[in-house]
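Peer 1: Sequence:
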Amino acid sequence: MGQPLHLDFYRRADVTLIARELLGKVIITRFDSRITAGIITETEAYAGERDRASHAYGGRRTQRTEVMYAAGGVAYVYLCYGMHHLFNVVTNEKDIPHAVLVRAIAPTAGEAVMRERRGGRPLRTGGPALVTQALGIRTAHTGLDLRRGAIRIVDEGRAVSPAEIITGPRIGVDYAGPDALLPYRFRFSP
DNA sequence: CTGACGATTCACT
DNA sequence: GTGAATCGTCAGC
Numbered sequence: 360m361g362q363p364l365h366l367d368f369y370r371r372a373d374v375t376l377i378a379r380e381l382l383g384k385v386i387i388t389r390f391d392s393r394i395t396a397g398i399i400t401e402t403e404a405y406a407g408e409r410d411r412a413s414h415a416y417g418g419r420r421t422q423r424t425e426v427m428y429a430a431g432g433v434a435y436v437y438l439c440y441g442m443h444h445l446f447n448v449v450t451n452e453k454d455i456p457h458a459v460l461v462r463a464i465a466p467t468a469g470e471a472v473m474r475e476r477r478g479g480r481p482l483r484t485g486g487p488a489l490v491t492q493a494l495g496i497r498t499a500h501t502g503l504d505l506r507r508g509a510i511r512i513v514d515e516g517r518a519v520s521p522a523e524i525i526t527g528p529r530i531g532v533d534y535a536g537p538d539a540l541l542p543y544r545f546r547f548s549p
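Residues in the first sequence are numbered from 360 upward in steps of one, following the numbering used here.
What follows is a set of in silico ranges between Cβ atoms, one per label pair, in the way DEER data are often shown:
no. : residue 1 : residue 2 : range
1   : 498       : 393       : 14 to 22 Å
2   : 365       : 389       : 14 to 22 Å
3   : 421       : 518       : 36 to 44 Å
In short, the hints are calculated from the structure, not lab data.
From the three backbone atoms N, C-alpha and C, an ideal C-beta is built for every residue, glycine too.
Given these sequences and hints, build the entire structure.
Peer 2: Laid out in structure tokens, this is it:
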């Protein structure tokens, strides 16, 4: 097993840096003693109040987005298109609503459980809704402490060099105007 | 209360 | 490439 990421990792101000550095880290869930895990291979940064693509754009603060304003190191999980659960890492200090969406993982443990969660269909973990499906993450898990809770992110010592990281615009944020073009998506091939 | 819409995926053409 | 599935969230009345 690896070490939980330090609070100082999550609470930094540069959300795109955190999104880059989450690549190669391992996300582990344990629900009902069923363990699943994978290496984070794709992320997107959402830069809070000044980012038109963010749920917290303009300082929007609702029951759903409230957890984004918590101090970094907890989960923000929300429902998309009425059926997909999307998992985000809340970052920065309290009252600064930054977050990183985890879009893809490379499974490292619990593949049989992951397939079971897909009703026996072939395992797929490329896509934010497929990540939460494989890991068993649902909106009820929003707010969980990522250092101690049922969802954890740990460092298992895998280094991802800047040269390995492909940067590009975020997916599905066309409504964000000019911010849709920001290079806030990061991925690498393990 | 109502209506519009989404940080998506899948099946099908 | 296109459209359906499907419902919580949010703004507006």
